[in-house]
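Peer 1: Can you build the whole structure from these sequences, using the hints too?
There are 2 protein chains.
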Amino acid sequence: MLLSDRPALNLQLEKKKYREEQYLDLYQKGEEIPLVNSGLWQVYQGVVQLNRFNQSQGEVVIGWVTPNHVFGSTVNNNSAYCAIAMTDVYVRHYQPKEIIRNPQLARQLLSELSYRLVKSEQMVAITSLRKVEDRLLGLLTMLKGEMGHPVAKGTRLTARFTHQNIADAICTTRVTVTRVFGDLQNKGLLEFDSDRHLIIKF
Amino acid sequence: MLLSDRPALNLQLEKKKYREEQYLDLYQKGEEIPLVNSGLWQVYQGVVQLNRFNQSQGEVVIGWVTPNHVFGSTVNNNSAYCAIAMTDVYVRHYQPKEIIRNPQLARQLLSELSYRLVKSEQMVAITSLRKVEDRLLGLLTMLKGEMGHPVAKGTRLTARFTHQNIADAICTTRVTVTRVFGDLQNKGLLEFDSDRHLIIKF
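If you're matching them up, the sequences are chains A and B in order.
In this text, residue positions in the first sequence follow full-length UniProt numbering: the first is 1, and each later residue adds one.
In this text, residue positions in the second sequence follow full-length UniProt numbering: the first is 1, and each later residue adds one.
It should be emphasised that the hints constitute simulated quantities derived from the structure, not laboratory data.
There could be a bad hint or two in this list.
Since the list gives no way to pick one copy over another, a pair counts as held whenever it fits inside one copy or between any two copies.
Stated by the list, open to error - Derived DSSO-like pairs: lysine-lysine, alpha-carbon spacing no greater than 27 angstroms straight-line:
id, residue 1, residue 2
1, K144, K119
2, K201, K131
3, K187, K144
4, K187, K201
5, K29, K97
6, K153, K201
7, K201, K144
8, K131, K119
9, K97, K187
10, K187, K29
11, K119, K97
12, K131, K97
13, K144, K29
14, K97, K201
15, K144, K97
16, K187, K131
Peer 2: Written out as C-alpha cells, the structure is:
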C-alpha cells in the first residue's frame, strides 16, 4: 500500500504494524537519516530537514520535508546532501528498482517529486532575496503553508525551529534572526508558545 | 518515442519531422514559453531559463534547463514561475494525463524530475552562500557541468549569459558581477570568446 493511500489520521496501532513489517524506519529527533543508497524517502510522520555541505561555509539548510512528501534522488547518490530528523520521524525508503517495477508507485512519486521541486524552487527564490527581512518573511510564509496548524493566536509550526536553523536557511547569522524576530514580535506578527514553537500571526 | 530514447546527435531532418508532427514547439531566443497548463516540458534543443516572481524584488533566476531535461510541475500551475528561451529552443509539453497513461514515460520523467530537483537544491546551496565571490564560483562550476563544452582554452558555456543574468541568479548587482568577473579574468580563470560566451578555465 502506498503511503499516500493511507487516511490522514494515523493510528498508533497502524504505525506499530508498519514498523513490524519493516516498511518504516524510525529516527529520533536530531538523528541523521543515512542516505547510503540512492532512491527516494517518503516521510510518514514528523519533519525532516535537508542540509547540503558547502566547502566555504559548512552546512546550509536547503529545505524541510513534511508527512507524505519525499526527498532523495533516483539519479545519483548525492553525497553533499544530508537529512536530519527535526522531530521523531518515520520514513519509508524506496529503491530505484522498486520504483521502476511499480508503475503506480512511479506515478505517485512523480507527483511527490514535482511537489518537492516546487518547494525547492520556492527556496531558491527566497534565498535570492536581497534583504534579510524579506527572506525571513518569505521563509515564514512558506513554513506556515508547509507545516502550520491553526491555533487561537495564529498559525503554529509543528516543528521547533531554532534561530540558528532559520539563519542557516536564509544565509544570515543567528544574531540577525534574533533581531528581526524581535522586531516581528514587537509588531505582533510573531510569537513563541510555551514549547518554543513559532506562532505566525500574519 | 520518448525524447531521451533519441540519439544524441539530432539531424535537421528529424527536427523538421518532429515539428511537423507537432510534438515539438519552437521558441526563439528571448521568447517566453507560456506555461498556461500544468504538466512537464522537456527541452529537446537549446537552453531555457527559469524565473520566479518575487513581490519585493521582481524576477529572480531559479535555474536553467538543458537538452533532455525537464521543467514545470504535475501538481499545480505555478503562476509565480516563468520560462524564457535563452537560445532558440525546441520543447515538448507532456500533460499530466498523458504521463499518467504511460508508465514508461512516467518513469523517464521521474528520473528527469529527480535530476532537476538535485540541480534546484544545488542552486539553493549556492544562493545561500554569504560571499558573492563564493556564489559566483559555485554558479560557474555548476554551469560548467550543465552546459560546458571543452575548447582549446577551457570549457565554453553553450548559452550566452549577460552579467545581469548572473546577478539575478546569485542575488547581487550587475556592477558586482562585472567587478568579480574582472578579478577572475585578471587571474586567468575566466575569459569571453568573440561571441561573448563564457570560457571557464578552472
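Peer 1: Hint by hint, note whether the structure agrees.
Peer 2: Status of the hints after comparison with the structure:
For the identical chains of this complex, K144 and K119 are neighbours both inside a copy (13 angstroms) and across copies (25 angstroms), given an alpha-carbon limit of 27 angstroms. Proximity of K201 to K131 under the C-alpha cut-off of 27 angstroms is restricted to the intra-copy arrangement: shortest distance 21 angstroms within a copy versus 33 angstroms between copies. When the C-alpha separation of K187 and K144 is checked against a cutoff of 27 angstroms, the pair qualifies only within one copy, where the shortest distance is 18 angstroms, while the shortest distance between copies is 46 angstroms. Taking the shortest alpha-carbon separations for K187 and K201, only the intra-copy value of 10 angstroms comes in at or below 27 angstroms, while the best inter-copy value is 50 angstroms.
In the homo-oligomer, the alpha carbons of K29 and K97 never lie at most 27 angstroms apart, since the shortest distance is 30 angstroms inside one protomer and 39 angstroms across protomers. In this assembly of identical chains, K153 and K201 lie within 27 angstroms of each other by CA distance solely inside one copy; the values are 7 angstroms within and 56 angstroms between copies. Only within a single protomer do K201 and K144 lie at most 27 angstroms apart by alpha-carbon distance; the minimum there is 10 angstroms, versus 44 angstroms between protomers. With identical chains, the CA atoms of K131 and K119 are at most 27 angstroms apart both within one copy (20 angstroms) and between copies (24 angstroms).
In the homo-oligomer, the alpha carbons of K97 and K187 never lie at most 27 angstroms apart, since the shortest distance is 52 angstroms inside one protomer and 47 angstroms across protomers. Taking CA atoms no more than 27 angstroms apart as the test, K187 paired with K29 passes in neither setting, with 32 angstroms inside one copy and 47 angstroms between copies. With identical chains, the CA atoms of K119 and K97 are at most 27 angstroms apart both within one copy (26 angstroms) and between copies (22 angstroms). Proximity of K131 and K97 under a CA criterion of 27 angstroms is satisfied in neither setting, with 44 angstroms inside one chain copy and 41 angstroms between copies.
With identical chains, the CA atoms of K144 and K29 are at most 27 angstroms apart within one copy only, with a shortest distance of 21 angstroms there and 38 angstroms across copies. Within a single copy, K97 and K201 get their C-alpha atoms no closer than 45 angstroms, and across copies no closer than 39 angstroms, so neither meets the 27 angstroms cut-off. Taking the shortest alpha-carbon separations for K144 and K97, neither the intra-copy value of 35 angstroms nor the inter-copy value of 31 angstroms comes in at or below 27 angstroms. Within a single copy, K187 and K131 get their C-alpha atoms as close as 18 angstroms, which meets the 27 angstroms cut-off; across copies the closest is 31 angstroms, which misses it.
Checked against the numbered hints given earlier, the structure breaks hints 5, 9, 10, 12, 14 and 15 and satisfies all the rest.
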